[in-house]
Every structure is written in C-alpha cells, then in structure tokens.
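Trainee: Read off the chains here:
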Amino acid sequence: MTVLGCEVQLEDNTRILVEGTVEDQNNIPVPEAKVTVLTRRGNFSGGENSYVLGEGFSASDGSFSIISFFDKDEDFAIEVGLDDAYTTYVYKTNTLNFTPLDLTFNLETVRLKKLANFNFNIIRTSGEFNTITYSINYVEGFCLEYYEGTTLNNYQSSCFEERSISQTLNDNNPDDQWQLQVPLGEVVAFTYTINEQPEITEYIIINDENYDFTFNY
Amino acid sequence: MKIMTLRSIIKAIWFIGLGLCCSLGFAQEKQPEGVTEDTKSSFFNSQERQRFFAFMIGGHKPFTSGDNFMGEGLEGKSGIDFKVQMYIYKHLFVGLATSASYFNVTNQERLGNYRKSRIAENYVYVGYEFFPTDQLRLGLDISVDSDLDYKNHGFSNSNIAEQHDSGKLNRYGLYLQYELTKHFMIYIDYSYNVSKMDIMVPSELDNFFSKGTYHKVGLGLTFSIGSRDLISRFVD
Chain X
1 MTVLGCEVQL EDNTRILVEG TVEDQNNIPV PEAKVTVLTR RGNFSGGENS
51 YVLGEGFSAS DGSFSIISFF DKDEDFAIEV GLDDAYTTYV YKTNTLNFTP
101 LDLTFNLETV RLKKLANFNF NIIRTSGEFN TITYSINYVE GFCLEYYEGT
151 TLNNYQSSCF EERSISQTLN DNNPDDQWQL QVPLGEVVAF TYTINEQPEI
201 TEYIIINDEN YDFTFNY
Chain L
1 MKIMTLRSII KAIWFIGLGL CCSLGFAQEK QPEGVTEDTK SSFFNSQERQ
51 RFFAFMIGGH KPFTSGDNFM GEGLEGKSGI DFKVQMYIYK HLFVGLATSA
101 SYFNVTNQER LGNYRKSRIA ENYVYVGYEF FPTDQLRLGL DISVDSDLDY
151 KNHGFSNSNI AEQHDSGKLN RYGLYLQYEL TKHFMIYIDY SYNVSKMDIM
201 VPSELDNFFS KGTYHKVGLG LTFSIGSRDL ISRFVD
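Protein sequence lines, in the order shown, are assigned to chains X and L.
At position 175 of the first sequence (counting the first as 1) the number is 175 in the numbering used here, and the numbers step up by one without a gap.
At position 119 of the second sequence (counting the first as 1) the number is 119 in the numbering used here, and the numbers step up by one without a gap.
Read the hints as simulated data drawn from the structure, not as lab findings.
Hints are supplied without guarantee of correctness; some may be wrong.
From the structure, some residues in chain X lie toward chain L, with a derived Cβ separation under 10 Å [claimed, not checked]: (1) Val8; (2) Thr14; (3) Ser50; (4) Val52; (5) Gly56; (6) Lys72; (7) Glu74; (8) Leu107; (9) Glu108; (10) Thr191.
Here are the simulated distance ranges between beta carbons [unchecked claim]: (11) X:Ser60 x L:Glu72: 15 to 25 Å; (12) X:Ser166 x L:Ser158: 57 to 67 Å; (13) L:Asp145 x X:Asn43: 11 to 21 Å; (14) L:Ala100 x X:Ala59: 29 to 39 Å; (15) X:Pro29 x L:Val126: 48 to 58 Å; (16) L:Ala100 x X:Thr150: 34 to 44 Å; (17) X:Pro29 x L:Ile142: 22 to 32 Å; (18) L:Ser203 x X:Asn43: 28 to 38 Å; (19) X:Ala59 x L:Ser210: 37 to 47 Å; (20) L:Ser158 x X:Thr193: 53 to 63 Å; (21) L:Ile88 x X:Asp102: 20 to 30 Å; (22) L:His164 x X:Ser164: 45 to 55 Å.
Treat the numbers as computed from the prediction; the structure is a model and nothing was measured.
Glycine included, C-beta positions come from ideal geometry on N, C-alpha and C.
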C-alpha cells in the first residue's frame, strides 16, 4: 500500500465485529441507532478528519452486529448515536498495541438516554441594587468511555459527568437564560443566594422533553 | 511475498513463452509422414488442428453467488482476461492467466465501509481441448496454482486509499472456440470460481469470509501459433 503522510492504512486481510445492544435509560431497546467504527475521531463532538471504517444500525430489539475494517491507531473509536434527542455514546481505545480477543468488540449494553431541553430563565423583578449568585449542577448528556485494553480508564473517560454553571447577576447584568440538554429524568440542582443571604438549593426533576424553569428574584 | 513470487513467475513465463513462440512457432514444421485425413480428426484428437501456443484476450461479466461475502455483498460489473496456453502433448495444455474482475459493494453493513472491489487473478491452469465439429473446439481447464488480490476502495474518506485482501483461486472453466481461420478464433467461456481467502475474522464470521464464489461468462479472441505440440517436436 502506498504510504503517504496523512493516509490511514487499514489492516489488510482483517475484519472485526462490533456487537452489543442499545437501550435507553428505562431499559427499553433503541432501534435504528447508528453504530460507526472510526479512527481519529477526537473527543466529545468528534472531528471532521475522522475516518469511517464501518457502520450499521441497531435492530428492532436494540441489538447490533457490525462488520468493519480494522485500523491500528492510538485514536480508535466506536460511536453509537440516534439523533439530537438522545445522548451519544463513544467507546475509545488505543489499538496500536491492542487487538481484541477473537477480533470482536463487544460493547454489551450501550445506554443512549433520551434528552430533554432544560430552558432556564432568571429574571430580576425586585428592582435595582439586588444581586444574586447562583449555580446550576446538571448531568451532561454525553458518554465517552476510554479503555486500556479491556480495562476502563476512568481518568480519560467522561460519561454522564456532572457539570456546573455559576454566575453572579447585578445591575450590569440583571437577567440571564440558559438552554441545556439534560438526560430526561435527571435532577438539576439550582443553588442561589440573594444579596449574600444564606444559600438555598432547589432540586428540579427534568420530567418533560421541554422543561421550562423561570426564577424571579 | 508468495503473491509477488507467483506474479513474477507468471510474468517471466509470459516473456519466455513469447520468446519460444518467436523462435519455434514460426519455424518450418513438418507433418508426420503417413498421416491420413481419416486418422487426424475425432472428438478427442485432430492432428491437423494441433497448435503450439494460443493467446486469448477477452472480457467477462462476473456473477457472485452463495452465502458468503461475495454472494451477499458484491455485485459483478465487468472484467478483462489475458491468457496464454502451451500445448504439451497433443491437446493437453498448460496455461497462464492474468485477469481482473470489478465489483460494486451492495452491502456495506456486512462487508465494511467501501464501495468497490477489484480482484486481480493470476493463475496457472491445465486443460484439454476437444473437437465437436470442424470449426469448433471445446476446452476444459482447471487452475492448479494461483494468487488473488482484492483491492477494496471507494471509502467515504479519500485519505483511505485502499485495503487489500488476498487468497487462492480454485477455478473450473470451459470454453468454446469458433475457428475463423486456422490461427484466429473467437471464443465464449464460462468458469466457476472459488476464492479461498486469507482474511482473519471473528470465529462466528469464518464461514462468511473464508471463501467467495463467483461465476464468469466471457467473450474474446484467440490467436494461435504453431502446428505441433511441445513433446512431438522432440520425439517425432
């Protein structure tokens, strides 16, 4: 094979099998989820320079079995996703020195959680000179698991991580709004203090696909 | 490495064969004395239609079949063939062939994320010719050694140029040639081809990838040189 600097060299005479089952957060099978085997994907949303080696879709019972080419690369990934209404799952590993047993990547149960739009508005109705400091703690709708061989590396993984947003609003910037994608059924913690009074925390269960929350202070 | 070796051998024998043709094919060839017209022609033997070398050039259409990666995932488009065969004794011949067959991928989920495949086939074969009528000759042949190179290409990202699979070919062929002149023929041929693949796959996919089957139906031209087989040149 011609060797060029930016070319990906697939392994000759080799095919791999990627299998597993896709379920949502209620253990309900997710059909039609797209399973993509790729290298040089990058992290999180994925890069434009990724190379697709194989792809397929989950069946009506959520199971998938995809035959793909294989590439020895430090950035080898299997991505499972459906659409913007569901979280994305990414399996990552370094295949330079790792070839799975029997050339099979068994992802077992892949959890794609249904997402909800959490529309957060905070509006000052109390007039000038009142301030608020708040934070929003929520679960990110994304899961990347990094494996060293067959062992999960938690340090390099980022699976349904807790994220936090903090802001202080005052006369310069009295109102604010956020739109966050949060797995349906998760709890968002809204913690605030008005005019440096004691902190108060409200727990919001995201039980609707479009959850609007408005807070006045 | 073995693939390269067989290709090199085939190329070398091609040139040697051409050299032999030039030196022997056009030389004066005497017919054995005492041979009458009656004894020369039968279904199994026709001394007057004996030849030394035959060269074939043609095209073919491949048809995949079977419950394997070719039958389930490839669709034949076209192909080209070059063959030379030397008659060892009477109408028993040994041949060298180099062919290419082109396919479209119809099932990427089962084969991988590519759109096209080209098989380069190099093989050695033996066979025998029969003579059903005055102007027809029927040949049967079988491959005895071979190499196959599958070049898989047409990936969604152009920076993946190609990927290769290799294997061995078991080929069973027949052809029918119509003699326009003594040394110029047109032919149609058919072959059943079984690729024994070297692909490493998970054990549950062994049956699917261990072999591929395809048929070929072809059409082409044949040129022949010489009127005596190899052995008779030394024996008679």
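Trainee: Indicate, hint by hint, whether the structure satisfies it.
Mentor: Hints, verified against the model:
1. Val8: Because about 5 Å separates Val8 of chain X from the closest Cβ in chain L, which is inside the 10 Å limit, the hint holds.
2. Thr14: Given a least distance of 5 Å, the restraint on Thr14 of chain X holds.
3. Ser50: 8 Å, holds
4. Val52: Because about 5 Å separates Val52 of chain X from the closest Cβ in chain L, which is inside the 10 Å limit, the hint holds.
5. Gly56: This interface hint holds because 4 Å falls under the 10 Å limit.
6. Lys72: 13 Å, violated
7. Glu74: 17 Å, violated
8. Leu107: Where the cut-off is 10 Å and the nearest Cβ of chain L is about 14 Å from Leu107 of chain X, the hint is violated.
9. Glu108: 16 Å, violated
10. Thr191: 46 Å, violated
11. X:Ser60 x L:Glu72: 15 to 25 Å: At 21 Å between Cβs, range holds.
12. X:Ser166 x L:Ser158: 57 to 67 Å: 45 Å, violated
13. L:Asp145 x X:Asn43: 11 to 21 Å: 50 Å, violated
14. L:Ala100 x X:Ala59: 29 to 39 Å: Taking Cβ atoms as reference, Ala100 of chain L and Ala59 of chain X lie about 37 Å apart, which means the hint holds.
15. X:Pro29 x L:Val126: 48 to 58 Å: 56 Å, holds
16. L:Ala100 x X:Thr150: 34 to 44 Å: 42 Å, holds
17. X:Pro29 x L:Ile142: 22 to 32 Å: 51 Å, violated
18. L:Ser203 x X:Asn43: 28 to 38 Å: Since the Cβ atoms of Ser203 of chain L and Asn43 of chain X sit about 33 Å apart, the hinted range of 28 to 38 Å holds.
19. X:Ala59 x L:Ser210: 37 to 47 Å: 25 Å, violated
20. L:Ser158 x X:Thr193: 53 to 63 Å: 56 Å, holds
21. L:Ile88 x X:Asp102: 20 to 30 Å: This hint is violated: roughly 47 Å between Cβ atoms.
22. L:His164 x X:Ser164: 45 to 55 Å: Since His164 of chain L and Ser164 of chain X have Cβ atoms about 51 Å apart, the given range 45 to 55 Å holds.
Checked against the numbered hints given earlier, the structure breaks hints 6, 7, 8, 9, 10, 12, 13, 17, 19 and 21 and satisfies all the rest.
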